[in-house]
Amino acid sequence: MNSNLIWLVALPLIGSAVAAIVVRYKFLDRLITFLTFATTLFVLFSVHVGQSYSWGLNFLGTTLNLTLNVSHLSIFMLYISIAFGTVLTFYSLIDHSRMKGFLLLLILAANNWIFMSNDMVGFFFAWELMGWASVVSVLGGREREKSRHAALYYMIMSVSGSYSMFFGIFTLWRLTGTFSISANIAYLSSIVGIHPWWVLGIVSLFFVTFMIKAGIFPFHTWVPLAYAYSPDAFTPFLSAVMSKYGIYGMLLFMPLSLMERGFPSAFGGVPWTNYIFVWIGVITAVLGTVLAIFQDDVKKLFAYSSLSNLGYVVAAIALFTPVGITAGIFHAFNHLLFKGTLFITLLAVISRSGTSKLSEMGGLWKKMPITFFTFFVGIASAAGIPPFNGFGSKWLIYQAMIKQHLPFATILLFLASTGAFMYLFKAFHSIFLGQLSHDYDRVKEVSAVGKITEFFLMFAMTFFGVQPGYILKPIGAIVKSMGLKPLPVMANGYVTGMFSNIYVPLISWSLAVSFTLGFILFFVSAKHKYVSQENNYTAGQIPEDWGLTPETYQFSWNFYQPVEKLFAPFFRIKIDGFFRGTGDWTKTIGSAIKEIFVGNAQMYAFFAIVGLIIFVIAGWMA
Amino acid sequence: MTILLKLIQGIGVGALSIAVGLLFIGIGRKITARIQRRYGPPPIQNFFDIFKLLSKRSISHGFAFDLGLIAGFSALLAAVVFLPMGQINIFPHNSSLIMIIYLMTMAYLGMAMGVSSSGNPNATIGIARALTMMMGYEVPFAAVIFSVYIFSRTGSLANIVAAQSGGFLNWNLVRLPFGFVAAEIALQGMLGEKPFDMTIAPSEIASGPMVEMGGKYLGFGMLQHSIGLFIETGIMVDLFLGGASNIWIFIAKQFVLYFAALMINAIMPRFRIEEGVSFMWKFPLLLGVVQALIVVL
Amino acid sequence: MSIFNNAALLIGVPLLFAFSIPLFGLISKQLTKWVTLFVIGFNATFSLYILLAHKYPAVVVMGNWVPPFGENLYIGPVAAFLVSVISIIGLLIAIYNLWAIKLGDVTRFSVLFLMFTAGASGIVLTGDIFNLFIFMEITGISSYALAAYGPRRRALGGAFKFLVVSSIGSTLYLLGVTLIYTQLGTLNIAEIAARINQTTPGLLTFAGILLISGLAVEAELFPFNGWVPDTYTGAVSGVSASLSGIAAISGVYALFRIAMTVLGRDGAYVFTYGKLDLMTVIAILATTTVIIGELSALSQKNVKKMLAYSSMAQMGLVAVGFSIGSKLGVYGGIFQLVNHSIAKSMLFLIIGVLAAAGLGEKVENFRGLWRRSPFLSLAFTIGAFSMLGFPLFAGFWSKFAIVGASIQRGGWYDFVIGLVLFASIVEAFYYLRIVTYIFSSTEVKAPKIKVSLSPAIPIFVLAVAIIAIGVYPNFIGNFSMQSAGEFTHKMTGYVLNVIPTIVAH
Amino acid sequence: MQEFLQNWIYLIASVSLIGVGLYIVLTKENIFKIIVGLNIIESGTNLFMVAIGWHPNAVMPIYTATDHLVANGKVIAADPLPQSLVLTAIVIGLGTTALALTIGIKIFEKYGTLDVRKIKEAEE
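Chains as they are written, first to last, in this note's numbering: chain A, 1 to 622; chain B, 1001 to 1297; chain C, 2001 to 2505; chain D, 3001 to 3124.
Okay, chain A solo, but in the shape it has when bound:
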């Protein structure tokens, strides 16, 4: 019994209550949020693998044991989520969007509980708590009406998911009589050889939930809306941390290895179920990429990008090989770091420029140089460029896929990766490069708190890029705890794959040397002078009486218009339309059913009598 675990849940709840009281004073609310995050991180230092805590809840007529249990996976997730949350809340001290700190703290409590819970009651409780708190958080974006719709949409998806899990939890409970997650997983593993379809059915109930939360195809439709229209300070958390709950759930509830015993293999020795799942991941990755390329709203663009990255993660962990799991978790971590960073820099940019439309921005790099560099490192990571942190995991994912001889899936993932480069550059160009509009002449760099955060994030992305071993070692422990053989980690700088190894520090040394050479060459060669941006091929002339402005020269509208035609089939996928259609259909039925209540006393009496007669007839027949 380690009572420090309960503090991980209780502390944020208390902090949330306090913050809720002072919510009208935004800075106090944010400050308490930040302090609570920091304190929780501090408490987390005293938490170690293997600790557990349980308390009884007198409920359902028996004493339910709610258990917290720290596994390798949970401590990893706890560290990355709380650490990122601390950074984000630190930044949010200077932020002016309508994010409510106390809701974030509620999510933190749920976050810690989800990651530690070893019983389905607590897990479900925390899951639902996280669900509604995040839905309410989504309310209050810059565009009120749109954020309202986004919250509703997200809500419906989230609730549908929870109810699916609800069903699954109790089905397991009916079969085993216990709510313990580990016991139920053990039970599922024991019967999978006999009743594979039955197990698959139960596992699917959980999976729908996790896929919805992670935004995996075909449940991805809420993601762009919720990300784009949530408060700007909340989006980093939504994308970086909250999308990982689904991944955590998949890793936890789905020992996909158990499918191996129940189902025949598809290609490459992967069981059918896993194979399908790999393809779901691949489709998500490609779909997210392709849709991201054509977005104009930058938050939407990166929402689709998150979608795509989670597709990578799912495809990797669905393989359920040591490399696959390692790569999946590693990529989840990397995604957390770089996408969190990107959204934080976006927060900085949007707060300064007041718009999230790519076509309205441009040329901000001179105005916000530190944000610019942070963003640059961020997209370099996201594009998987060594030595930044996104590279190792993408590389491992390809290794894992090739190892299972899945060339088509790998090719498509590669396509997604190249496409990622396209949309990342589009965002980069449209925000920071190109012509600076006169509207932004007065834009300033973020204040000191923001700069500190950005420097820290840049450092983190480079550090974990060059020294991936600090992440790969804990992941190795996770893989080992799943009963797989972990990948060897030779030294902190190594990424060890199946086909070859990479010593990342070598790459960074090579880059350092070559950049030195480049700079030397640059400075020994003839002098240059800086000219204004308008001094380009227009020969310094922008004739305003022709109605020309700097924006006229900013190429960001319809950036990849020529390739749109190529991807036309993708835009015909109307998953969103399907969900909305279901909604409309329900509404129509609702209006029809409402007509039962005609407002006439006689009709009501008539219904009652008809009901009675039907019963009497039924009783007669019985």
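It is worth saying that the hints were derived from the structure and are not from the lab.
There may be inaccurate statements among the hints.
What the hints assert, rightly or not - Rough simulated footprint, nothing fancy, chain A against chain D, three-plus residues with beta-carbon under 8 Å: (1) 3017-3026; (2) 3106-3119.
Unchecked claim - Calculated pairs, SDA-like style, for lysine to any residue (alpha carbon to alpha carbon, straight line, at most 20 Å): (3) K2301(C) <-> G583(A); (4) K565(A) <-> W1281(B); (5) K2445(C) <-> A2357(C).
Glycine residues also receive a C-beta, built at the ideal position from the N, C-alpha and C atoms.
With chain A fixed as given, assemble chains B, C and D onto it according to the hints.
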């Protein structure tokens, strides 16, 4: 001591790649001129050009512009040391092909950042075309890479070369013919030669990315192009032509590939950008996929 | 059988004061409201004393006629618990009424409100099926009249619909009682329960159907619930709150006292005697009610009407819980019943305050409420979230238990709960729609809404109660569990406590 | 025939009354007719209750002549309980009717109609 040795080796390889690249481009200019019945410049003209460009005063649009062009040059320089070429193989245990490709991406990113920060729309259009084209040729090329990976059971270029040792018949060119053809077409796109030269299409977008470059910036661009040429043909040699036993044979093989590309370049018109991508996704991708299927099954 | 005759005061005192209120009314109209408040306050205190001092199970014997010969009241866990809930909610609504009831005939409103509370308590307490009828009629008549109260004419229309349907329902119930009486010659619930299988199955089935149909009117089950939307919408908010917070409790209680204790057969899952299993019938009705209620609410633009439909659906959910027949299911049902009463009466009270502040009842009128009154907005949100069964709010635990019980029973209940969960998604949509409107902004600057103390107290107390139950469900959960035992084990839980000497046949 | 009538006539009458009442409630549009219908249903119910306590040869249930109450080991006294129940039911019915009439009058005042089909609010 080892470190110092490797450092010197690395710098040497960099210089070599620049020299070979520039020479290739020079020869290429000559050959193209001859095909077009011109006299053409001398093959070493490019060395003069570089020297001339680097010693000219020029204008810049700010530090992002500088940094981008330096990054474009330096990242390729950093990538070239991992390429096994004949007996020169500085880091034999660290030559993963995918790593090299991703490292090269940094150069493209730097270049793109630099020229886009100038604010010239033609440059950005050129970059957008380059990225689009990149998506076009990388897909068939990825198919080929993965076929080779699965076929050779290794992802390290050094090991791929080792697996092809023992004569002409062991070359992947012979063993994976479809893959070779696909990769050859993809190489045409990578090199930016016709029919895939819409990135720098001089008559449409004023040479695209190069529009704002002058003086040493253009020099850096040329250097980048020459190293890129060297790496791309080098990768092809390692993948399909069985590497080489020494650097001269390696360069000769590279030249053969470049020569083929030049020939195609000289006689082809230019694709529109979307035609280029869809062409890449039809014929070469089909070949690559067929090759992958053959390897897997 | 322990005897606790003082408990009759729970019905006696309110009735006595109800009929003497006109005397107080001669002094001051304000005084009548305070008298109501104190009388219900006495009820609340006394019933809480019974509940917390564990005075139950006990029997109130009238005129020394021991059951089964005399009429008796039975205070089991169910009665003690539900009477407490009824009187506490009654008390809170009475506090609200201090502020809300100003126009019209205040004196008679007070009379009716006291009668209403007394009747509802009586339904829960009585041990005699004919007395159940009488108390139903007391509650019924007073609630028709209460529903007709108010300045708006739609109150009258609603009240009339309620009256017609409810009269037919009570007639059916009375016929059923009579049929049972012809068979067994007794009206005592305990004795009927013990001897129920001595009846002719055919006649018993017919009687059961009549009884269930009659009671389903008050329990708001389709197709006997046509009155619900119009009446709830028409009545003033305090009355709507009492209908959904008090009458609904007694209605559901009566339905399942008859179905489970009187007609039921003990077992892991309770079934009924007779040719047709009435628990199944109720389950079908309840599921239909949930679906129809939620779907009708979905396209509703009027918030009050939406809440009315939602009440209907929630009562369906409660009935689903009960109809499972296992201890867990009944536990969830009672828990949900209480949670629903708390949350829904609070929501209606909020609507009342808002209406008084001149806010319309349309969904769009809620736009930007957060700026105008954070207190009401938060309370409304808490109530809505409790309805939806979100964690940290009361509704989570009861919904959890009902779903758990359904899936535990399995079989066709999997489909039942599947439909119910689907309906819950619909419910989530329309409640969340209001909540999102509340927190969205408006262009027009509207003045702040002042909430005076008397309506603020009940709303605050109920909101705190929702969170308290949500965080610490054990307190209510324990009582629900004991109550569930009384329903599912009719001999040990009910009959033998009333008539210790009786032998089940 | 007579015996049949004696045994069944009250039951038949009560069921008919309930039927007639229901017919009125369900078909007539006038509020007062509906109230009358409800009353008729109630009368039917009351009749039914009285009928079950009675049989043709019953005696008064009063202990004046003890030997009359029980014949051949069977109780031949009429059951007094239903009558008391009916009294209660009548009182309740009266209350309901009075209230219904009041509401009816009020409805006429406010809606200006007695047609039950027209007592509807416009969709709000």
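Verification of the hints:
no., hint, result
1, 3017-3026, "holds (count 3)"
2, 3106-3119, "holds (count 3)"
3, K2301(C) <-> G583(A), "holds (17 Å)"
4, K565(A) <-> W1281(B), "holds (14 Å)"
5, K2445(C) <-> A2357(C), "holds (15 Å)"
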